[in-house]
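Chains as they are written, first to last, in the working numbering: chain A, 2 to 383; chain B, 12 to 436.
No lab work stands behind these hints, which were simulated from the structure alone.
Virtual Cβ for every residue (Gly too), placed ideally from N, Cα, C.
Be a bit skeptical, because a hint or two may be false.
[As the list claims (entries may be wrong)] Chain B side only, calculated, beta carbon under 8 Å to chain A, not exhaustive:
1. N219
2. D270
3. A271
4. N272
5. I306
6. R309
7. G333
8. K334
9. A336
10. E337
11. T350
12. A351
13. E352
14. A354
15. E358
16. K359
So the chains spell out like this:
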Amino acid sequence: MTETYMVEPDLEFIKEVGLLGAEDLKKCYQCATCSVACPISPDHKPFPRKEMIAASWGMKDQVVKNADIWLCHNCGDCTTRCPREAKPGDVLAALRTYAIQEYAVPKKLGKMVNDPKKLPMLLAVPVVLFLVVGIFLKIFGIHWLNFSPSGEEIVHAKFFSTWLVDLIFIPTFFFAIGVFVLGLKRFVGDIHEEALKSGKTDKKKIDPKGFIEALVRVIPEILKHKKFSQCGENADRATSHMMVLYGFIGLFIVTNIFFITLYVFGIHGPYSQLNPVKWLANIAGVALVIGAALMIKDRLTATEQTSTYKDWFLVVLALLLGVTGMLTEMTRLGGAAGLSYTIYFIHLVFVWALFAYVPYSKLAHLVYRTVAMAYAEYTERS
Amino acid sequence: MTVDKQAPASGSILVVGGGMAGLTTAIEAAEVGYEVFLVEKNPYLGGRVAQLNQYFPKLCPPTCGLEINFRRIKDNQNIKIFTMAEVENVSGSSGDYDVAVKLNPRYVNVNCTCCGECGEAVQTEIPSEFDFGMKRVKAAYLPFEMAFPARYVISPRIIGTEDAKRAKEACKYGAVDLDMEPKTINLNVGSVVWATGWEPYDASRIDNLGYGRYQNIITNMQMERLAAPNGPTKGKILCPADDKAPESVAFVQCAGSRDANHLPYCSYICCMASLKQATYVRAQYPEAKIYIFYIDIRTPGNRYEKFYQEIKADENIIFIKGKVAEVSENPDTRKITVTAENAVTGEKVHQAADLVVLATGMQPTAANFKLPADLKYNGDGFILNNFSKGGMFGAGCSAKPADVMTSNQQATGMALKAIQSVVNR
Numbered sequence: 002m003t004e005t006y007m008v009e010p011d012l013e014f015i016k017e018v019g020l021l022g023a024e025d026l027k028k029c030y031q032c033a034t035c036s037v038a039c040p041i042s043p044d045h046k047p048f049p050r051k052e053m054i055a056a057s058w059g060m061k062d063q064v065v066k067n068a069d070i071w072l073c074h075n076c077g078d079c080t081t082r083c084p085r086e087a088k089p090g091d092v093l094a095a096l097r098t099y100a101i102q103e104y105a106v107p108k109k110l111g112k113m114v115n116d117p118k119k120l121p122m123l124l125a126v127p128v129v130l131f132l133v134v135g136i137f138l139k140i141f142g143i144h145w146l147n148f149s150p151s152g153e154e155i156v157h158a159k160f161f162s163t164w165l166v167d168l169i170f171i172p173t174f175f176f177a178i179g180v181f182v183l184g185l186k187r188f189v190g191d192i193h194e195e196a197l198k199s200g201k202t203d204k205k206k207i208d209p210k211g212f213i214e215a216l217v218r219v220i221p222e223i224l225k226h227k228k229f230s231q232c233g234e235n236a237d238r239a240t241s242h243m244m245v246l247y248g249f250i251g252l253f254i255v256t257n258i259f260f261i262t263l264y265v266f267g268i269h270g271p272y273s274q275l276n277p278v279k280w281l282a283n284i285a286g287v288a289l290v291i292g293a294a295l296m297i298k299d300r301l302t303a304t305e306q307t308s309t310y311k312d313w314f315l316v317v318l319a320l321l322l323g324v325t326g327m328l329t330e331m332t333r334l335g336g337a338a339g340l341s342y343t344i345y346f347i348h349l350v351f352v353w354a355l356f357a358y359v360p361y362s363k364l365a366h367l368v369y370r371t372v373a374m375a376y377a378e379y380t381e382r383s
Numbered sequence: 012m013t014v015d016k017q018a019p020a021s022g023s024i025l026v027v028g029g030g031m032a033g034l035t036t037a038i039e040a041a042e043v044g045y046e047v048f049l050v051e052k053n054p055y056l057g058g059r060v061a062q063l064n065q066y067f068p069k070l071c072p073p074t075c076g077l078e079i080n081f082r083r084i085k086d087n088q089n090i091k092i093f094t095m096a097e098v099e100n101v102s103g104s105s106g107d108y109d110v111a112v113k114l115n116p117r118y119v120n121v122n123c124t125c126c127g128e129c130g131e132a133v134q135t136e137i138p139s140e141f142d143f144g145m146k147r148v149k150a151a152y153l154p155f156e157m158a159f160p161a162r163y164v165i166s167p168r169i170i171g172t173e174d175a176k177r178a179k180e181a182c183k184y185g186a187v188d189l190d191m192e193p194k195t196i197n198l199n200v201g202s203v204v205w206a207t208g209w210e211p212y213d214a215s216r217i218d219n220l221g222y223g224r225y226q227n228i229i230t231n232m233q234m235e236r237l238a239a240p241n242g243p244t245k246g247k248i249l250c251p252a253d254d255k256a257p258e259s260v261a262f263v264q265c266a267g268s269r270d271a272n273h274l275p276y277c278s279y280i281c282c283m284a285s286l287k288q289a290t291y292v293r294a295q296y297p298e299a300k301i302y303i304f305y306i307d308i309r310t311p312g313n314r315y316e317k318f319y320q321e322i323k324a325d326e327n328i329i330f331i332k333g334k335v336a337e338v339s340e341n342p343d344t345r346k347i348t349v350t351a352e353n354a355v356t357g358e359k360v361h362q363a364a365d366l367v368v369l370a371t372g373m374q375p376t377a378a379n380f381k382l383p384a385d386l387k388y389n390g391d392g393f394i395l396n397n398f399s400k401g402g403m404f405g406a407g408c409s410a411k412p413a414d415v416m417t418s419n420q421q422a423t424g425m426a427l428k429a430i431q432s433v434v435n436r
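Can you build the whole structure from these sequences, using the hints too?
Put into structure tokens, the structure is as follows:
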């Protein structure tokens, strides 16, 4: 029997996705070359052909709630093969940006993070925040922000106290975690609902134990970039991505060690260059800088892949983060006190921006893609 | 003023290309009394049509249509034919063109009776271009049984060798003339019609479809030769890798057509060609399964649509909506597996087939070979006709991808345009 189905296109959605990098979406004529060209697309309900038609018909729920858009690693094999130059790889990237905005509350902040005009304001927030909190504390005689740090040795904590750093950064960190938790709650429910509806799974309910086990199986694969390196067209991108990822992980570990030694053992920085923790910090910092620089170079030379603001925001932020971090250390070792303190302040601005805007930026893929891949593993979708 | 009514410098028409469109333009113009020169680079007339097994949708052999046209040429004193000839240069303007035509030596003169003794005598074999290299022929050969002019050709590859002498000695009629030299003649004509036709798109450029890598992947034009009674297998459709009768055949539509990486346009004929070729397989192997992978089936018009519906009703012919984007070969069985996503079911299909036919499209000859005249082309190499300027025109597939019928209609129109240029209206 013929089923009557009325498509109710969300025109606003089509327009917005177009602005996020899917401007060639409507060129697609559904030949399905992309689904075959994709080295990681499964046999059952493969992507991205179905996402292309759903997006161009404005069927927002079918794509935003679809875990498959997160399985894509944007290697560009589909875009290279596409006979219509509809750039499916870029369309999926745009859909992911849209989905990030959908799941991160408040939505308004998500829109701002993806709007280049709002960038100065977003960067002004940490500057103002640091100054206001620092000066406010001064009223009560707490000089955690000291504009004339004394002493022979350059110690950044004398200028911007670790107490002040933690006072601001710990809540910011948990704010980001909170936004992710709220987003994930809806995200997991939505991708499961969509998978059931489109027949990608027959598991009625998600069993938390099985899901966690799947997550544990997936994480080593992510760390090894197993899926990423199956890409044909841009296989070398896995290297720069790995450098940036490991750079961040290394710096995260260093920060935690620093935090524990400070609060448990009362030992202050800066550490000696002979300290293994310092080695890790330096290696991670250099990996971040080189990885981010390579990513920028790849994007500048890529002919087939479109780079939009969301991409530049993240890679440039990662590069600046690494560069200011390394420069802070180098100017400290070089004895340029004023310069070192200034760069440190800028560095903190970028770190704060990264933390606070993670759930709204492209970097949120860290969470959503991991969860989507775990869900695919859990539902045996491969 | 009498300038407008001035008698044209030349009342003749030059038609470049002796395929279906060129034949039509030449004959139509000649039959209303105009002198026509027909220049063809091959040693025979008939072009791509001569290589076909059957026409769609009537499934009749093209020899019958060609025969009528050859008859009309023979009966008409107004047509002068130059085969193995190429236009080297065109200068002048509408009503008065000077054309240099290079005549390549055939090494066989009009005395030839097609007895075939020269072919028996020579030893060298060359790949037959007419059969897309699927057959080797002697270096003294008749291009095909119905070749017009009906005269043997001696390949320049054996000129100066013992083989050439053997051919000359074998000929009882003194038809082999090894002293023939290339020469250039000059023609003065009032109009030039370019019916330079098309080339099958080079399938080896579509690197994900395995042509040239796996023997059991052929093009649709090769399929025509395989199915043709005068082809390399005498009309038996066999897998090239092992000469086995195929139990399954997959057709890959839009192989290079409608593809921004290859030919961005629809080649118009490939859907009908594959449907037609499915009937070849069905007729020879009633048990064979046929899989047609397509983006959209394009069978314009009532007759073609009806043909499609008839093929679709055949339960051994399975249509899968999805473009093949990957192929692989089983090295033991030489079977090919084609992969596509069935866009109707949303499942990937990995279909094994004994023989895979790539429905390659048509590329205008001018896309790869610049014509020596002041012509305008579109981005794909098709001639853009400028009727207000007049003088020179593109006919048939040099102007757009078309089936034989459309080509004929358009070529008839170009005969009229050429006549208008000649009489200066």
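For each hint, the structure was consulted:
1. About 7 Å separates the beta-carbon of B:N219 from the nearest beta-carbon of chain A, less than 8 Å, and the hint is met.
2. Taking 8 Å as the C-beta cut-off, the interface hint given for B:D270 holds, the closest approach to chain A being about 4 Å.
3. With 8 Å as the threshold, the beta carbon of B:A271 comes within range of chain A, its nearest partner Cβ sitting at about 5 Å, so the hint holds.
4. Evaluation of the B:N272 hint against chain A yields a held restraint, the C-beta minimum of about 6 Å falling below 8 Å.
5. Restraint check, B:I306 versus chain A: the minimum CB separation of about 4 Å is within 8 Å; hint holds.
6. Below 8 Å, beta-carbon pairs count as interface contacts, and B:R309 has none with chain A, the closest being about 12 Å; its hint is therefore violated.
7. At about 4 Å, the closest approach between the beta carbon of B:G333 and any beta carbon in chain A falls short of 8 Å, and the interface hint on this residue holds.
8. Hint status for B:K334: holds, given a least beta-carbon distance of 4 Å to chain A, under 8 Å.
9. Hint status for B:A336 relative to chain A: holds, with the closest Cβ pair at about 4 Å, below 8 Å.
10. Here the hint on B:E337 is kept, as its CB sits about 5 Å from the closest CB of chain A, short of 8 Å.
11. For B:T350, the shortest C-beta to C-beta distance to chain A is roughly 5 Å, which falls under 8 Å, so the interface hint holds.
12. Taking 8 Å as the C-beta contact cut-off toward chain A, the hint placing B:A351 at the interface holds, the least distance being around 6 Å.
13. The restraint placing B:E352 at the interface with chain A holds, with a minimum CB-CB distance near 4 Å, inside the 8 Å limit.
14. Checking B:A354 against chain A: minimum C-beta separation of about 5 Å stays under 8 Å; hint holds.
15. Hint status for B:E358: holds, given a least beta-carbon distance of 6 Å to chain A, under 8 Å.
16. A cut of 8 Å between beta carbons decides the hint on B:K359: the least distance to chain A is about 4 Å, and the hint holds.
Hint violations for this structure: number 6 only, all remaining hints satisfied.
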